[in-house]
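Chains A and B supply the protein sequences, listed in that same order. Take 50 as the starting number for the first sequence in the numbering used here and just add one per residue. Take 1018 as the starting number for the second sequence in the numbering used here and just add one per residue.
It is worth saying that the hints were derived from the structure and are not from the lab. There's no promise every hint is true.
[Said to hold, decoys possible] 27 Å max Cα-Cα, derived BS3-like pairs, lysine-lysine:
#  : chain 1 : residue 1 : chain 2 : residue 2
1  : A       : Lys158    : A       : Lys129
2  : A       : Lys158    : B       : Lys1020
3  : B       : Lys1080   : B       : Lys1022
4  : B       : Lys1080   : A       : Lys129
5  : B       : Lys1022   : A       : Lys158
6  : B       : Lys1028   : B       : Lys1058
7  : B       : Lys1037   : A       : Lys217
8  : B       : Lys1080   : B       : Lys1028
9  : B       : Lys1022   : B       : Lys1037
10 : A       : Lys129    : A       : Lys71
11 : A       : Lys156    : B       : Lys1028
12 : B       : Lys1028   : A       : Lys158
13 : A       : Lys156    : B       : Lys1037
14 : B       : Lys1058   : A       : Lys156
[As the list claims (entries may be wrong)] Residues from chain A that keep clear of chain B, each with C-beta distances beyond 10 Å, as calculated:
#  : residue
15 : Leu74
16 : Arg107
17 : Glu208
Treat the numbers as computed from the prediction; the structure is a model and nothing was measured. Just so it is clear, CB atoms sit at the ideal spot from N, CA and C, and this is done for glycine as well.
The primary structure of each chain is shown beneath.
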Amino acid sequence: MKFAVVVFPGSNCDRDMYFAAKDALGEEADLVWYLDADLSSYDAILLPGGFSYGDYLRSGAIAATSPVIDQIREAAEAGKPVLGVCNGFQVLLEMGLLPGAMLPNEKLKFMCHFETLVVQNNQTMFTSQYEEYEEIQIPIAHGEGNYYCDEQTYEQLVERQQIAFTYKNNPNGSVGDIAGITNEAGNVLGMMPHPERAVEALLGNDDGLRLFQSILTHWRNNHAINA
Amino acid sequence: MRKVKIYITLKEAVLDPQGKAVQNSLRSLEYNNVQEVRVGKYMEMMVEDTEDIEAQVDQMCDKLLANPVIEDYSYTIEEVV
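Same shape as in the complex, but just chain B:
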């Protein structure tokens, strides 16, 4: 069994109004050194071992988990003992 951790982030060119609101909120808590906040998504999947697991995760991200128009993704795959 493998544990796949997927990180989905907005592309740099895409404005993130949610991140902006979080940043403003941090500023109101007087964390004035916070220059930028970008909000993304984190997912975990438990996947049965297959030979081409990386190719499979890439496909899952391209087809459903991320929207390539606005989002980038990265992932790590860990062995679960």
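Same shape as in the complex, but just chain A:
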């Protein structure tokens, strides 16, 4: 399986994402500079964390107008897995692939520590290797991770089972304790916590690895059917 990690000016978790796909998962992966990107030959698109364009205007807003965005939209429409972590999630919100928006953390502090996440939906291509309601430890690192949507959107998210992960102890004020959501089709996941920073037991925690294994399992199953 071939992963593309799209690198924007100001991305800083791109190498962690690359390491997760290439070394921890053991699949093919490329770091792809946003201006030169041709995403057509990749099976999955990873949007890394960081501060694309210095978070100018709003986090993710400027990246969401760059030319590569059309290709990301095409990949999503074709049903390919698209994972946005942290700033990647903010980009997915700003480009409208996922509903809602990010606000500054309720307590206005940049936070960087492990949080307990609850797997709310293990029926997605990103979460199949977790148990339902399993509690996992994944680090967060953000100043603007306070997920906001209006009540109607929240009800839709619940109804359509688009909430993949919630925080056990909401650190940032997110509506409904939301840590990660998918689109309606289930092939686009945005999450503030960093699964790519928790893929090596040797480094203390590999709870995030199963997210990447879920993507691979889904791809293999599809591939076997198509073959």
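Model the placement of chain B on the given structure of chain A, informed by the hints.
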């Protein structure tokens, strides 16, 4: 040439922790009559004259300058001599 002044504010339903912190700070300066503070953004653009400048500014705000999920915007357009 026109000068466009754009005001971007958080929607009423959206909590503004930054505004709250500023309000608390004003209170610590003993401005106890300040009931609420909301922090927004102000932008100025110099734009060459076109016929549909208002429609254009609306589009700019919808596409990029404001996020309609959390923000409202308003603007004024002035002639620059």
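Exercise. Going straight from one Cα to the other, do Lys1022(B) and Lys1037(B) come out at no more than 27 Å?
Worked result: holds (26 Å)
Problem set entry | 27 Å Cα cutoff - pair Lys1080(B), Lys129(A) | This hinted pair holds, its Cα atoms lying about 25 Å apart.
Problem set entry | Hinted pair Lys1022(B) and Lys158(A), Cα distance within 27 Å | violated (31 Å)
Exercise. Is the Cα-Cα distance between Lys156(A) and Lys1028(B) 27 Å or less?
Worked result: Holds - the C-alpha atoms of Lys1028(B) and Lys156(A) are around 19 Å apart, at most 27 Å.
Problem set entry | Status of the stated non-contact between Arg107(A) and chain B (beta carbon gap over 10 Å) | The claim is violated: Arg107(A) sits with its nearest Cβ about 6 Å from chain B, within 10 Å.
Exercise. Is Lys156(A) within 27 Å of Lys1037(B), Cα to Cα?
Worked result: Given that 27 Å is the threshold and the Cα spacing comes to 10 Å, the pair holds.
Exercise. Within 27 Å, alpha carbon to alpha carbon, are Lys1058(B) and Lys156(A)?
Worked result: Given pair Lys1058(B), Lys156(A) holds - Cα atoms ~20 Å apart, limit 27 Å.
For this session: Please work out if Lys1080(B) and Lys1022(B) have their alpha carbons no farther apart than 27 Å.
Result: Within the cut-off at roughly 17 Å; holds.
For this session: Verify the proposed pairing of Lys158(A) with Lys129(A), using a straight-line Cα cut of 27 Å.
Result: violated (35 Å)
Exercise. Hey, Lys1080(B) versus Lys1028(B), does the alpha-carbon distance stay inside 27 Å?
Worked result: holds (17 Å)
Exercise. Is the Cβ of Glu208(A) more than 10 Å away from each Cβ in chain B?
Worked result: holds (19 Å)
For this session: Assess, step by step, whether the Cα of Lys1028(B) is no farther than 27 Å from the Cα of Lys1058(B), and give holds or violated.
Result: holds (13 Å)
When each numbered hint is compared with the structure, violations occur for hints 1, 2, 5 and 16.
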